[in-house]
Amino acid sequence: MSDGPAAQSPWQTMTISRIEKRTPRVTSFFLEPSRPFAYRAGQHVDVRLTAPDGYQARRSYSIASAPEAGETIELAIERLDDGEVSPFFHDIAAVGDEVELRGPLGGHFVWSDSDGGPLLLVGGGSGVVPLMAMIRLRAARRSAVPVALVFSARVWDEVIFRDELIDFHDRRDGFDLVLALTREAARRPADYSRRIDAAMMEQSMLRLPAPPRFAFVCGSNAFVSAAAQALIDAGVPAGLIRTERYGV
Amino acid sequence: MVTRGFSSGRKPPTDADARIPPGQYLEQGFPVLSAGPTPRVRTEDWSFTLKHGPRPIKTWNWTEFNALPLTKMTRDIHCVTAWTKFDTAWQGVLVDDILADAGVEPPTGFTLALSFDGYTTNVPTQDLTAGKAMVALLYEGKPITPDHGGPARLLVPHLYFWKSAKWLNGLQFTERDEPGFWELRGYHIYGDPWREQRYTGDP
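Chains A and B are the protein sequences, given in the same order. Taking the UniProt record's numbering, I'd label the letters of the first sequence as residues 1 to 248. Taking the UniProt record's numbering, I'd label the letters of the second sequence as residues 1 to 203.
What the hints contain is simulated information worked out from the structure, not anything from laboratory work. Just so we're clear, the structure is a prediction, and the values are computed from it rather than from any experiment. Treat the hints with care, since some could be wrong.
Reference excerpt, derived from the structure (chain B facing chain A, CB under 10 angstroms, subset only) [as the list claims (entries may be wrong)]:
#1 Val-2
#2 Thr-3
#3 Ser-7
#4 Ala-18
#5 Pro-22
#6 Gly-23
#7 Val-32
#8 Ser-34
#9 Pro-37
#10 Thr-43
#11 Thr-49
#12 Phe-181
#13 Gly-186
#14 Tyr-187
#15 Trp-194
#16 Tyr-199
We put the beta carbon where it would ideally sit given N, CA and C, even for glycine.
Given these sequences and hints, build the entire structure.
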């Protein structure tokens, strides 16, 4: 079976144009594609690194930017000390470096304002990254779709995109941010200082004008299992819940 | 393209390297991936149906299915997210033994695996027979946990692991190769890890 243009490698070279530290363990890498790169909010890419002896390592990373952001795509990468790709990004990669990417990938964990809402987003740690693409898409398109994000992080300083999320929240245009800090006291009045549970999901859904049409959950496997169960216990039908688990 | 400053994680070649398909890395844990929440299927509610198109050929309940011959299969598995895990030990019912119990030969060349949560994945029938695949009931001697697809999951170890459908409740013979859940969402129609058939359009 062969359809579509043949012979073009699915991999393309992208150039790092900016590096921005987000939290102590998460840094954003902004990449300039070398050929047109159209994607949907929630999708991911595969990154491939090649050593001089031909050895290659590849990992998947979610895209944090919204398609509206223009050509540049943003990957927010958490440093895993025993990893082989994330330490390269954190310790070696510099502006001007080229890396190979393939994508966009994934056709399930995606949302566009035309899909409608309300939308309940639940992220744990760097699991917020593909949800951020959806939130940014909503803001860029000035969409009125009601969205609540319940974002669990260990401490305030590990809340990725914190200032931007609080800014979106403060616009009071239908986006609500709820933080659940697991190892520190809550700082905002309506935030929590505990792990995600069904009661928190029920209360967070009250911030939406109607029950969610979709729920997206992303994080570590343990987080996603717990959060998806909390949603089900709070009455969200399992068929509305889409999950993305960070492998290990 | 050589990546500036990236040094090889390659160690002196070992016997293990020949077991790792291109683009994969060896994983000691057992990561969990799925498109939605984990269904909790009680064995008293469990059933498995063999179908030809929409027509059921035979249905087994949990007790009946567990009375079928159990076979052990210890295999390397390969996930499209790039991890490979060696020597995973399963026990279950070979698709051959399911067909024998139903008293049928495969009626078509294509099969769709069906799951309790609505997940589907397509596999050519010849990749399921002749001892190549089973409906697994035990992992490392114990019931498969819900996370890993219990009570029963398909095991087609020679293809990328998304083909080994979790929470299996049926196999459906189809006249044509019908793309399943991930195959409709950008993943390869066949999924051979040794040919690195990850995504639609890979050769």
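Hints, one by one, checked against the model:
no.: 1; hint: Val-2; in the structure: holds, 5 angstroms
no.: 2; hint: Thr-3; in the structure: holds, 4 angstroms
no.: 3; hint: Ser-7; in the structure: holds, 6 angstroms
no.: 4; hint: Ala-18; in the structure: violated, 15 angstroms
no.: 5; hint: Pro-22; in the structure: holds, 8 angstroms
no.: 6; hint: Gly-23; in the structure: holds, 6 angstroms
no.: 7; hint: Val-32; in the structure: holds, 5 angstroms
no.: 8; hint: Ser-34; in the structure: holds, 6 angstroms
no.: 9; hint: Pro-37; in the structure: holds, 4 angstroms
no.: 10; hint: Thr-43; in the structure: violated, 19 angstroms
no.: 11; hint: Thr-49; in the structure: violated, 21 angstroms
no.: 12; hint: Phe-181; in the structure: holds, 8 angstroms
no.: 13; hint: Gly-186; in the structure: holds, 5 angstroms
no.: 14; hint: Tyr-187; in the structure: holds, 9 angstroms
no.: 15; hint: Trp-194; in the structure: violated, 16 angstroms
no.: 16; hint: Tyr-199; in the structure: holds, 7 angstroms
Hint check: violations occur at hints 4, 10, 11, 15; the rest are consistent with the structure.
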